[in-house]
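Participant: Residue numbering for the sequence shown follows the UniProt record's numbering, starting at 1 and increasing by one per position.
Don't read these hints as lab results, they were simulated from the structure.
Be careful, since some hints might not be right.
To be verified - Here are the simulated PhoX-like cross-link-like pairs (lysine-lysine), alpha carbons at most 20 Å apart as the crow flies:
#1 50 with 19
#2 13 with 37
#3 19 with 53
#4 27 with 13
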Amino acid sequence: MKVLYKNEYTELKMLVNSKNHRKILIKTIMKYPINYKTIREMILKGLKAKQIKDMCTMCFRKGLIISNYWNNINNLL
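Could you build the full structure based on these sequences and the hints that come with them?
Facilitator: See the structure below:
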(Lines of atoms letter the chains of each structure in order from A and count residues from 1; the text may use other names and numbers.)
(Lines give C-alpha, C1' and ligand atoms only; values in the text may rest on other atoms or scores of the structure.)
Protein backbone atom coordinates (compact mmCIF):
# COMPACT_ATOMS: atom_id res chain seq x y z
CA MET A 1 0.00 0.00 0.00
CA LYS A 2 1.29 3.46 -0.88
CA VAL A 3 1.40 6.21 1.70
CA LEU A 4 1.25 9.91 0.92
CA TYR A 5 3.50 11.49 3.54
CA LYS A 6 2.43 14.56 5.48
CA ASN A 7 4.88 16.92 3.74
CA GLU A 8 3.73 15.64 0.33
CA TYR A 9 0.08 16.16 1.27
CA THR A 10 0.87 19.67 2.54
CA GLU A 11 2.61 20.49 -0.74
CA LEU A 12 -0.34 19.06 -2.68
CA LYS A 13 -2.68 21.34 -0.70
CA MET A 14 -0.59 24.34 -1.76
CA LEU A 15 -0.47 23.29 -5.43
CA VAL A 16 -4.15 22.34 -5.81
CA ASN A 17 -6.86 24.56 -4.36
CA SER A 18 -9.88 22.33 -4.94
CA LYS A 19 -10.52 19.60 -2.38
CA ASN A 20 -12.20 17.43 -5.04
CA HIS A 21 -9.16 17.69 -7.31
CA ARG A 22 -6.88 16.69 -4.42
CA LYS A 23 -9.08 13.63 -3.80
CA ILE A 24 -8.81 12.66 -7.49
CA LEU A 25 -5.02 12.98 -7.38
CA ILE A 26 -4.67 11.01 -4.16
CA LYS A 27 -6.86 8.21 -5.55
CA THR A 28 -4.75 8.24 -8.73
CA ILE A 29 -1.53 7.89 -6.72
CA MET A 30 -3.02 5.00 -4.73
CA LYS A 31 -4.51 3.20 -7.74
CA TYR A 32 -1.77 3.44 -10.38
CA PRO A 33 1.98 2.74 -10.31
CA ILE A 34 3.03 6.39 -10.17
CA ASN A 35 4.88 8.39 -7.56
CA TYR A 36 4.20 11.82 -6.13
CA LYS A 37 7.23 13.37 -7.86
CA THR A 38 5.77 12.64 -11.29
CA ILE A 39 2.33 13.93 -10.27
CA ARG A 40 3.97 17.12 -8.98
CA GLU A 41 5.77 17.65 -12.30
CA MET A 42 2.48 17.22 -14.16
CA ILE A 43 0.74 19.78 -11.94
CA LEU A 44 3.59 22.26 -12.39
CA LYS A 45 3.37 21.85 -16.18
CA GLY A 46 -0.31 22.85 -16.00
CA LEU A 47 -2.19 19.55 -16.19
CA LYS A 48 -5.45 19.35 -14.25
CA ALA A 49 -6.41 16.49 -11.93
CA LYS A 50 -8.83 14.91 -14.42
CA GLN A 51 -6.22 15.06 -17.20
CA ILE A 52 -3.64 13.37 -14.97
CA LYS A 53 -6.11 10.65 -13.98
CA ASP A 54 -7.13 10.04 -17.60
CA MET A 55 -3.51 9.84 -18.75
CA CYS A 56 -2.66 7.35 -15.99
CA THR A 57 -5.72 5.25 -16.86
CA MET A 58 -4.80 5.23 -20.55
CA CYS A 59 -1.17 4.25 -19.85
CA PHE A 60 -2.23 1.53 -17.41
CA ARG A 61 -4.70 0.02 -19.88
CA LYS A 62 -2.14 0.03 -22.69
CA GLY A 63 0.53 -1.48 -20.44
CA LEU A 64 2.82 1.55 -20.62
CA ILE A 65 5.02 2.79 -17.81
CA ILE A 66 3.44 6.07 -16.72
CA SER A 67 6.65 7.83 -15.66
CA ASN A 68 8.40 6.94 -18.95
CA TYR A 69 5.39 8.11 -20.95
CA TRP A 70 5.34 11.39 -19.03
CA ASN A 71 9.08 11.91 -19.55
CA ASN A 72 8.61 11.48 -23.31
CA ILE A 73 5.77 14.02 -23.34
CA ASN A 74 7.73 16.37 -21.08
CA ASN A 75 10.69 16.29 -23.49
CA LEU A 76 8.38 17.39 -26.31
CA LEU A 77 7.03 20.31 -24.28
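Participant: Going straight from one Cα to the other, do residue 19 and residue 53 come out at no more than 20 Å?
Facilitator: At roughly 15 Å apart (the allowed maximum being 20 Å), residue 53 and residue 19 satisfy the hint.
Participant: Against the 20 Å threshold, does the CA-CA distance of residue 27 and residue 13 hold or violate the hint?
Facilitator: Holds, at roughly 15 Å.
Participant: Hinted pair, alpha-carbon criterion (20 Å max): residue 13, residue 37. Please report holds or violated.
Facilitator: 15 Å, holds
Participant: Next pair to validate is residue 50 with residue 19; report whether the Cα-Cα distance is within 20 Å.
Facilitator: 13 Å, holds
This entry satisfies every hint, going by the numbered hints stated previously.
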